[in-house]
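K.L.:
For the record, the sequence lines run as chains R and C. Per our numbering, residue 1296 is the first one in the first sequence, and the count goes up by one each step. Per our numbering, residue 92 is the first one in the second sequence, and the count goes up by one each step.
Incorrect hints may appear among the rest.
Derived pair list, reagent style SDA-like, types lysine to any residue, alpha-carbon separation capped at 25 Å [unchecked claim]:
#1 C:Lys140 / R:Glu1410
#2 C:Lys140 / R:Arg1762
#3 R:Lys1790 / C:Lys253
#4 C:Lys140 / R:Ser1412
#5 C:Lys171 / R:Asn1755
#6 C:Lys560 / R:Asn1755
#7 C:Lys140 / R:Arg1395
#8 C:Lys171 / R:Met1787
#9 C:Lys560 / R:Gln1464
#10 C:Lys140 / R:Pro1592
#11 R:Lys1469 / C:Gly144
#12 C:Lys253 / C:Ala370
#13 C:Lys560 / R:Thr1389
#14 R:Lys1516 / R:Gln1566
#15 R:Lys1790 / C:Pro172
#16 R:Lys1469 / C:Asp527
#17 C:Lys140 / R:Thr1389
#18 C:Lys140 / R:Ser1717
#19 C:Lys560 / R:Val1379
#20 R:Lys1790 / C:Lys560
#21 R:Lys1790 / R:Ile1821
#22 C:Lys140 / R:Gly1820
#23 C:Lys140 / R:Asn1798
#24 R:Lys1469 / C:Ala487
#25 R:Lys1712 / R:Ala1701
Simulated from the structure, these hints should not be mistaken for laboratory data.
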Amino acid sequence: MTQLGSATSPLWQDLMQQALVGTQRLETLSTASLPQPLQGLLAEADAALTPPADAHAPTVRLLRAAAAVGAWQRAGYEPPLGQVGEQTLAPQDTQAAPARQSVVDALAAALREGEESLIRQSWHLLARADLRLPERLLPSALDAAARDSALREDLQRVLGARGLWLAQQNPAWKFAAGTDQKADPEQLWSEGSFEQRLAVLREERARDPAAARARFEAALKELNAKERLAMLELLRVQLSMADEALLERLLTDRGSDVRQLAAELLSALPQSAHSLRVTAWLAPLLVQSGDTWTIEPPEKENPDWARDGIALKAHGFFKGGDRAWWLYQLVRMSPSAWWTDTLGLSPEALFEWASKTEWKRSLRDGLLEAAVRTPSRDWLALLTSLQQNRFALDSLHTLLASMPLADREAYWSDRLKAAPTSVMVLIRMDELMQPGEELSAPLSGQVVATLAAALAADGNSTHWSVRHDLSQAMTAAALWMAPEVLPALVSMIDKAATPESTNNVVNDVQERVHSIASIRLTLGGIAA
Amino acid sequence: MGSVVPLWYKPMTAMRSQQAITQLGTERATVLTSEAEVLGLSPDASSTKAAQGLKSPAKWPLLGSDEGAVWGECQGSGSKPYQTQVDLSGPSFKCSCPSRKFPCKHGLALLLLRCAGQVAASDARPPWVSDWLDSRRDRAEKKEAKAAAVAAAPPDPEAAAKRQNKRWNRVEEGLAELSLWVQDMLRQGLASVNLDAEDTHRAWRNMAARLVDAQAPGMAARVTQLHEIASARDDWPALLLAHFGQWQLLLDAAQRREQLPPPLLSDLMFALGWTQDKAELLADAPAVTDTWRVMGVCQIEGQGRLVERRVWLWGEATQRMALLQDYAHGGRGYERAWVAGRRYAGGLHFYPGGAPLRAMAAEDCSLLDQADGAAPHLLAHSEAAQGWSDLAERVAGNPFVTLQPLMLRDVRLVHTDARRWQAATSQALVQLELADEHGWGLLAASGGQPLLFMGEWSDARWRVLSAWKVDEGGASLVWAQSGELQ
């Protein structure tokens, strides 16, 4: 028997025709096509239940026929035969899923919490213990990574064979449908998903920069502009003059973002031909008379600039004339050390000098951007003092990100000492922590003290942004502090909570902090 | 298939002795030990999240448990803490908070804390806990006493017959209107019907309202549901005709109700909207005692915030399906929760009918500790031929029901295109009623392996509620539709 729906089913054909047209127009129902037993039933019904003698008679007959056919079909339903295409079975997993229920529950809770850092941490810990995600969590994990690409690399390590197989079935999860993560790097590189290839390249760049460069260079032809950009980004790590030739070549890449990035990377190499060209353009603009330096922007544009990543036309949002723009562009593409060396000034003094010139804006913005590319600790204090400046914040972020955790911790510790209630430090800290890292116990203690002081000062503030910053800082602290200090944070927050008062900011984040703390404490013991 | 026993009218010899039941009832206490299982009871996502937030012992000034119950006091926003308690034999929940959810976040959190090993064993139940547990027992006894009273002295038959006649008169008026309405539609022809038109919506709503007035709420629900289902399907004209035909069957049966055999009359009356008094049911229908496996749970929100919960049970010795139907309206919760995949020992009182399926759980029904056991009958009844023939027998026994349980083994989940799921048996394809995200969950759980599916069958669509892995040890649950509202 065919499906209920198909009006072409021999059973329903005649009935449907009459029902669609209407019994008004098509009065007689032919039951000849019905199976014999059904015809008999209908005849019996006609005899036992006399249809009304009025105009409704044909309709009632149709309804009774439908009653009989419907019951007949409901009872005798057979699913339609259908060819099922070749379907693959998920391969056996070699990685085990966590055996302990509490770990599974914590992984699920991290996904429910939805916090990117927490999810990445949880997967990182899982991968470190050489475990995979349990089957039940795969769809929500894949969904989360589909929404947030920052999760993808960590996910790939815990997907397991089942997760990989699952991702291959759903176009929305294509990003994860690569090769078994357990395969050797060469196979991952040739057959893996883009995220897997990125991971191979990143790992190799850290270990053997020249091999990674060669790998990237060999793949250039098959990569699209977006992929070239993402891979070129990885060359930042261990950047050296050995990369110069490749970067020079990329100055003429088809992708404008790739060209721009290549130029920026070259500007991070003070000895590169690119840097020498840029500084050669800049040098004549600087004039020394006695102890004082003055600067004049270029009078006209130079068509050669464009090849070196210097835009000739100002962006729409740039405030200032063409000359100011050219100066800004040249300065941002120059190595920051060239300025401190040439003028013989510290970054602070250089900045001070720039502020006094007529071209203050172009110089300062350009210098701050240049400082990002050759991260030098000399600039740390200056950048920190410029918290209101967007370029300075970006540069500070990049500079800190290039520092090892111990150095970052020393910096944060100093900042907290200088400003004991500044929750902004904690919020910025959150952006710079990587899965697998956690704060030392002493700094964690300092963080708890900072939060306690900040809560005492502003806990009942009605100002939206103050409340927002406070709750973000508490979440950040819970996410990154040393696990052994988490109980101290939780008990400090529990003490600060006042269920009876509705405007205490702690009440809003208390549950979140509890949840993050308990997830981290559970997963911390994952390998045990 | 020779060993398969017919589905119903199983001789009472299959019942266990009372003594055996008592022994079964004592094996428990390690149930509900995983968060996933506890959260499976959650009524919705926001309750799940809220319960997670209450998982810290710091929020519970008092916590305690013994092998039968868990209790605690949770600090809420008021000055007085909420008293939360769970009877583990159900589980049944009680909480002094004002929440309308069942179970509320406190009840869930209490069980979560228990999973996390943060509820210590206690020798002494606080009075408010023992009072509640005692009152539950008292109520059970009262129910039995009432049932006994009903059995001993049936209410005045003459007055009852008079009441029934009065209702039948009103129902028949409503049915007559329905009949004319349907006939008009067919006279004009279904081709001229536009289900999405505002006029049509109004007409169907009015018809349903009219049937409620005529004391035929069951019929009213059919009208509402048909409009909902048909609006979403391409094959709606055939669907309308098939259902109109079934309505005609009900109309004809109602007209000849005096000639119907009693089981069929019960089915008819239930279909139209009569409800049976629970005390009467307890008195009339002896409990069928068995080990009942929870094959699936689903909750559907209907009109006016009325939530229907369906729990499908499989009797391991009696080899029959049972359906527990509960309704939660507004603030009222259910008496107890049922955990998908778990087994319960105790009795069920089946509502009378041509193919008894609906049932009410007796008070002695309690959650068993042991995990899955061998299930030879379950496996036999889920062989394709047997599964479909069980369905056919039930339809034959009660032609008025549209929703049927269906179990099939060796079924693989197939994803046809972006939003359709199908179940593939060896050669045939069954259309599934499965939300996209649930389909992916089931596919993840199956890994492409054939499984045993249990679900609800209606209008040639299968709403899968659970999936089981079959091996020598029997059938073990690998996936279940969450109990959350759909």
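K.L.:
Determine for every hint whether it applies to the structure shown.
P.N.:
So, going through the hints one by one against the coordinates:
A threshold of 25 Å between alpha carbons decides the hint, and for Lys140 (chain C) with Glu1410 (chain R) the separation of about 14 Å falls inside it, so the pair holds. For the hint linking Lys140 (chain C) to Arg1762 (chain R), the alpha-carbon distance of about 22 Å falls within 25 Å, and the restraint holds. Annotation: proposed proximity of Lys1790 (chain R) to Lys253 (chain C) is violated, straight-line Cα distance about 68 Å (limit 25 Å). With a C-alpha separation of about 19 Å, the suggested pairing of Lys140 (chain C) with Ser1412 (chain R) holds against the 25 Å cut-off.
This hinted pair checks out: Lys171 (chain C) and Asn1755 (chain R) have alpha carbons roughly 24 Å apart, not beyond 25 Å. Using a Cα cut-off of 25 Å, the hinted pair Lys560 (chain C) and Asn1755 (chain R) is violated, with the two alpha carbons roughly 55 Å apart. At roughly 22 Å between alpha-carbon atoms, Lys140 (chain C) and Arg1395 (chain R) fall within 25 Å of each other, so this suggested pair holds. Proximity of Lys171 (chain C) to Met1787 (chain R) is assessed by CA-CA distance (about 24 Å); at most 25 Å being required, the pair is judged to hold.
At roughly 21 Å between alpha-carbon atoms, Lys560 (chain C) and Gln1464 (chain R) fall within 25 Å of each other, so this suggested pair holds. At most 25 Å may separate the alpha-carbon atoms for a hinted pair to count; Lys140 (chain C) and Pro1592 (chain R) exceed this at roughly 60 Å. Of the pairs offered as hints, the one joining Lys1469 (chain R) and Gly144 (chain C) is violated, with about 34 Å between alpha carbons and a cut-off of 25 Å exceeded. Between Lys253 (chain C) and Ala370 (chain C) the CA atoms are separated by roughly 21 Å; this keeps the pair inside 25 Å, and the hint holds.
Distance check on the hinted pair: Lys560 (chain C) and Thr1389 (chain R) sit about 20 Å apart at the alpha-carbon level, within 25 Å; holds. This hinted pair does not check out: Lys1516 (chain R) and Gln1566 (chain R) have alpha carbons roughly 28 Å apart, beyond 25 Å. For the given pair, Lys1790 (chain R) sits about 18 Å from Pro172 (chain C) by alpha-carbon distance, which is consistent with the 25 Å threshold. Straight-line distance between C-alpha atoms of Lys1469 (chain R) and Asp527 (chain C) comes to about 16 Å, which keeps the hinted pair within the 25 Å bound.
For the hint pairing Lys140 (chain C) with Thr1389 (chain R), the CA-to-CA distance comes to about 33 Å; that exceeds 25 Å, so the pair is violated. In summary, the hint linking Lys140 (chain C) to Ser1717 (chain R) is not supported, as the alpha carbons are separated by about 31 Å, beyond the 25 Å threshold. About 21 Å separates the Cα atoms of Lys560 (chain C) and Val1379 (chain R), which keeps this hinted pair within 25 Å; it holds. Note on Lys1790 (chain R) and Lys560 (chain C): the hinted pairing is violated, with a Cα-Cα distance of about 49 Å set against a maximum of 25 Å.
Of the supplied pair hints, the one linking Lys1790 (chain R) and Ile1821 (chain R) is violated, its CA atoms being roughly 29 Å apart against a limit of 25 Å. Proximity of Lys140 (chain C) to Gly1820 (chain R) is assessed by CA-CA distance (about 24 Å); at most 25 Å being required, the pair is judged to hold. Proximity of Lys140 (chain C) to Asn1798 (chain R) is assessed by CA-CA distance (about 22 Å); at most 25 Å being required, the pair is judged to hold. Distance check on the hinted pair: Lys1469 (chain R) and Ala487 (chain C) sit about 48 Å apart at the alpha-carbon level, beyond 25 Å; violated.
At most 25 Å may separate the alpha-carbon atoms for a hinted pair to count; Lys1712 (chain R) and Ala1701 (chain R) meet this at roughly 16 Å.
The structure is inconsistent with the numbered hints 3, 6, 10, 11, 14, 17, 18, 20, 21, 24, although it conforms to all the rest.
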